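Spelled out, the chains give:
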Amino acid sequence: MRQGRWLKVYSLTYLVFIYAPVLLLPIFAFNDSAIVAFPLTGFTTKWFEELWSATVMHEALWNSLYVGIATAVLSTVFGTCAARASTRFDFRGKKAAMGFIMLPLVLPEIIVAVALVVVLVQMGISLSLFAVVLGHVLICTPFSIAILSSAFNNLDLSLEEASLDLGETPFSTFFRVTLPLVAPGIVSSLLISFTISLDEFIIAFFLTGTDPTLPVYIWSQLRFTAKLPGVVSLGSLLLLASLILLLAAEYFRRRANKKAGTEGDGTGGFL
Amino acid sequence: MSSTPSAGTIIDIERVEKRFGQVAALKKGIDARIREGEFFSLLGPSGCGKTTLLRMIAGLDDPTVGEIRIDGKPMNGVPANHRPTNMVFQSYAIFPHLNVFENVSYGLRKQRLVKAEVERRVAEALAMVSLSGYEKRASHAMSGGQRQRIALARALVLRPRVLLLDEPLSALDKQLREQMQIELRHLQREVGITFVLVTHDQSEALTMSDRIAVMFEGNIAQLDSPEMLYRRPISKRVASFIGVMNFFPASVTGESAKGVEAEIAGLGPMTVPKQQVPKDVTGREVTAGVRPEMMTLLFDETETAEREVMAEIDDVVYYGDMSYYSLRLPGCEELTTVSMRNTAGRPILKEGGSVRVGWGQESVVLLS
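Going line by line, the protein sequences match chains A and B.
Under this note's numbering, the final residue of the first sequence carries the number 271; numbering is consecutive throughout.
Under this note's numbering, the final residue of the second sequence carries the number 1368; numbering is consecutive throughout.
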């Protein structure tokens, strides 16, 4: 019994340590004072109003959306191809190929970022949002593959065979059977990679050139103390958006599992 | 093997072999002819290659060697979607994202029928499997037995030349399975389509089929009608796979116009009629086989048999309608099983006693 109580205390402390700083963001976002510190001085929404008129921030937001959407689409397309290949076919060097695709998941991002800068500059590709998209696809594709592999694994192979047997071509089978059944996985992959891209800082910072993405913009604002409450309120909005996206992704992933007839929580879930 | 299709043959399987990488699923070339309109079963233990053969007929796999012809047309390289066959999968493979109507009409889209005709054919197919009125139901809300019927309707609606069934009843409980066996048999007679069934359940194969191919380790061991398979199995292995059979060591002593003379342990010298000796039984040392119901217990003096012997009763198992006696025959190490129907007035003997056992020439088969 005693042991159980200590474990509870430990878990609680652990959770507070992780989430308290994050939960402080929305609190200070509504605080009246220009100094981000306790005690709170009063309620205000002026920081959010300020955001509304910050045009540089809006540009950064658009940049981030552009990068995020492009990354989500590309990494999901690549992820779909790789996941289908790895779950349906056996070929030489499959394990090695999959291993190398998944590697960026554990590679330090700063190393990836520096390497990309060197290579892109050598190749004559200027640092730009496009370069950021390339970097983000590299780190998002493993996540897409993990989600989509689970979707494809849950798909009963005989469903595709039944479609062929009933007279459909392999091409229309993909659109009438495979795609509808893995669609929730695809949506989930789009949302996860978009979220990752939206939050990513290091690669964006190295590759972005003159157009900042939102995290890069936030970092640049941190140098001015006066701008801090604005950054905090922007941070809370981002937090909210990420949370909604992740929950939506998880919802679609579970629906994918359910649709494919497997109730159990498959692998590839992040929540 | 001539390559001209004989009359009434719908599927011609010729010297077919299949290898998956290094693993041979079907080793020696398989030859078989499936007749138009028959209920044909591929029966064998798991891993004997029966499903592989079925998948090659469906076009989901291609033979490594040999050829399969349907209606005389070579099918090698013809994909599943261009073959006149449809399949009921073991898992049923009902599309979970489509409702019952969409599942059954799935294959009709290619035929470019008007909407009313599609609806008419789906209704007809659902009526055939007693699922009328279920069109709008979500397929994942249907029970195992119902899913199986949907799979049947989905295949039959396309009016295939051949319907392939891969262990269609194995996922159902015993009662439903027995009911479906009868229904499937009726359905097959009704539609007149050739059915090819894969099963590991010998009673399923016996009750439904016109002919059965018994397969072991990638070979067809015997291809015959259920009755012939049961009464005249050609090998010990086939005999013990289908039903129960007592085996006795035997040695061939001679051959006469009447049949083969053999000295059988426990049964003594006998003449086994020619039709009860398969062609490939050669050499001196063979095995004699007798089904439990082909021997009888002689309860009193008035009952007689062509041949008889005194035996000790080792064990009695009572099944209600039947009793199974384990008997020790003189000169025979193994126990012999004899089944008796418990008709009115017939006693049930106790273990430890002895009883006269009778049989005739027709009871015995020789096996390789």
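Hints listed in this document are in silico derivations from the structure and should not be mistaken for laboratory results.
Some hints here could point you the wrong way.
[Stated by the list, open to error] Computed beta-carbon distance windows for the label pairs: (1) Ala1171/B to Phe175/A: 54 to 64 Å; (2) Thr55/A to Ser1091/B: 54 to 64 Å; (3) Cys81/A to Asp1031/B: 39 to 49 Å; (4) Phe175/A to Arg1015/B: 36 to 46 Å; (5) Ser1132/B to Tyr14/A: 31 to 41 Å; (6) Ser1132/B to Ala97/A: 45 to 55 Å; (7) Leu103/A to Arg1015/B: 32 to 42 Å; (8) Gly1077/B to Ala97/A: 22 to 32 Å; (9) Gly99/A to Glu1067/B: 37 to 47 Å.
If you're wondering where the values come from, they're calculated on a predicted model, not measured in any experiment.
For glycine and all other residues, C-beta sits at the position ideal for the given N, C-alpha and C.
TODO: Confirm or reject the claim that Ser1132/B and Ala97/A have a C-beta distance inside 45 to 55 Å.
DONE: Holds, since Ser1132/B and Ala97/A (Cβ atoms, about 51 Å apart) stay within the stated range.
- [ ] Kindly confirm whether 31 to 41 Å is satisfied by the beta carbon distance between Ser1132/B and Tyr14/A.
- [x] Hint violated: Cβ distance 60 Å, outside 31 to 41 Å.
- [ ] Given the range 54 to 64 Å, decide if the beta-carbon distance of Thr55/A to Ser1091/B lies inside it.
- [x] Check passed, 58 Å falls within 54 to 64 Å.
Open item on the list: For the hint 37 to 47 Å, verify it against the beta carbon of Gly99/A and that of Glu1067/B.
Closed with: holds (42 Å)
Open item on the list: Given a hint of 32 to 42 Å, does the C-beta separation of Leu103/A and Arg1015/B actually sit inside it?
Closed with: At roughly 49 Å between Cβ atoms, Arg1015/B and Leu103/A fall outside 32 to 42 Å, so the hint is violated.
Task: CB-CB spacing for Arg1015/B and Phe175/A relative to the 36 to 46 Å hint - done: holds (38 Å)
Open item on the list: Can you tell me whether the CB distance of Gly1077/B to Ala97/A sits inside 22 to 32 Å?
Closed with: holds (30 Å)
Task: Distance restraint evaluation - Ala1171/B, Phe175/A, Cβ atoms, bounds 54 to 64 Å - done: Violated - the Cβ-Cβ distance for Ala1171/B and Phe175/A, about 29 Å, lies outside 54 to 64 Å.
Task: CB-CB spacing for Asp1031/B and Cys81/A relative to the 39 to 49 Å hint - done: Since Cys81/A and Asp1031/B have Cβ atoms about 43 Å apart, the given range 39 to 49 Å holds.
When the structure is compared with the earlier hints, violations turn up for hints 1, 5, 7 and for no others.
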